[in-house]
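In numbering that gives the first Met the number 0, the protein residues as written are 0 to 125.
Think of the hints as simulated: they come from the structure by calculation, not from any bench.
Derived lysine to any residue pairs resembling SDA-like cross-links, with alpha carbons at most 25 angstroms apart:
id : residue 1 : residue 2
1  : Lys45     : Arg5
2  : Lys45     : His60
3  : Lys79     : Gly64
4  : Lys85     : Gly28
5  : Lys45     : Phe17
6  : Lys95     : His14
7  : Lys20     : Ile81
8  : Lys68     : Thr4
9  : Lys95     : His60
10 : Lys2      : Ala43
11 : Lys29     : Leu49
12 : Lys45     : Tyr101
13 : Lys20     : Asn76
14 : Lys20     : Asp57
15 : Lys79     : Ala39
16 : Lys79     : Thr30
17 : Lys2      : Gly64
18 : Lys20     : Tyr101
19 : Lys45     : Arg98
20 : Lys45     : Gly64
21 : Lys45     : Trp96
22 : Lys79     : Arg93
23 : Lys95     : Arg23
24 : Lys95     : Ala83
25 : Lys29     : Ile15
26 : Lys95     : Asp57
27 : Lys2      : Gly103
28 : Lys29     : Tyr100
29 : Lys45     : Tyr86
30 : Lys95     : Asn69
31 : Lys95     : Leu73
32 : Lys68     : Leu11
33 : Lys2      : Asp46
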Amino acid sequence: MVKSTRHAKYELHYHIVFVPKYRRSHLTGKTKERLEAIFAEICADKDLELAESEVMPDHVHLFIGSPPKNAPSLIVNWVKGISARKYNQRYDDRVKWTRSYYVGTAGSASKGAVEQYIAEQEGDDE
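Please work from the sequences and hints to get the whole structure.
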């Protein structure tokens with residue numbers, strides 16, 4: 000769904016994947032539930048849309064919608080940094096994330112559809 004700010008219309012979603020330190024398979028049970036709640040809390044606090052989240056035993060998938068003012072790297076830093084800090088303050092077991100991550104963009108139009116739209120605009124000026 001297209002959203003808007005005072006000066007922009009946008010539909011930006013990012014697929015973010017990251018892993019715990021040493022790729023330990025410990026993101027299960029209560030840890031999984033707690034992390035999902037923390038991710039939702041972070042997104043609400045930062046005015047982000049958490050469209051989907053899946054905490055796997057050894058990695059995390061998030062699908063987050065954001066206004067254009069937030070760079071993808073900033074969103075990843077928020078999610079990883081705040082989640083580790085909140086989790087470690089609230090619970091006895093610890094969560095640490097690696098510095099690496101994957102981020103991919105997604106919207107309502109595919110790359111091919113945008114290319115076709117741009118190519119069709121060339122003839123509209125005449």
